[in-house]
Amino acid sequence: MNALKQKTENQLAINDEDDKQTEPVVQFVSFHLGEELYGVNVIQVQEILRMTEITPVPGAAHYVKGIINLRGNIVTVIDLRQQLQMSEKEFTDLTRVIILEGEKYTVGYIVDSVAGVIDLAPSQIEKSPNASRTDGKQHITGVTTQNGELLILLNVEYMLNDSDYSSAVGF
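Counting in the numbering used here, the sequence shown runs from 98 upward without gaps.
If you are wondering where the hints come from, they were derived from the structure by calculation, not from laboratory data.
Treat each hint with caution, since some may be false.
To be verified - Ranges between beta-carbon positions, derived for each pair: (1) G131 <-> E254: 23 to 33 Å; (2) H129 <-> E223: 12 to 22 Å; (3) E223 <-> T152: 34 to 44 Å.
Claimed, not checked - Distance condition first, Cα-Cα at most 30 Å in a straight line; then the derived DSS-like pairs of lysine-lysine: (4) K201 <-> K162; (5) K162 <-> K186; (6) K224 <-> K201.
We put the beta carbon where it would ideally sit given N, CA and C, even for glycine.
With these hints in hand, go ahead and build the complete structure from the sequences.
If you want it as structure tokens, here you go:
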């Protein structure tokens, strides 16, 4: 009986390994804001630009830096550091604008630097504790560790459809 139990447990372990190998991989564009590493789903990234001239928009929210003309489309540009209530930082040669597409809006996020593309299996992502918002809505979809560093995955759809945010973007 023990031999049968051991064989079954070994087979389950092998099946678990097979499941991990066939688990779909999701790609995330990772970027730095200060010392923190963040990520957004690559499917929502339209492109990544070097810092460009931004036309200010009077009366916009403090984190809205302005607008840019991206091949005939007007795109609102957000300073993600300010939106996440981090201290301001001067732009450098590493500063980038990540153009993200949501269901309703296309928005540019200013980030300190882009780190690269990371492949993650859903089993590697831990659901975020409900700490980012008291009303249960989340800017953060999950967290994981990448090379010993915490990677915070942002919920772009929520951010682009949040009522406060969408009024700032849709001016």
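Going through the hints against the structure:
1. G131 <-> E254: 23 to 33 Å: Holds, since G131 and E254 (Cβ atoms, about 24 Å apart) stay within the stated range.
2. H129 <-> E223: 12 to 22 Å: At roughly 20 Å between Cβ atoms, E223 and H129 fall inside 12 to 22 Å, so the hint holds.
3. E223 <-> T152: 34 to 44 Å: 40 Å, holds
4. K201 <-> K162: Distance of about 20 Å is within 30 Å: holds.
5. K162 <-> K186: OK: K162 and K186 at ~13 Å, within 30 Å.
6. K224 <-> K201: Holds, at roughly 25 Å.
Going down the numbered hints, you'll see the structure goes against none, and every one checks out.
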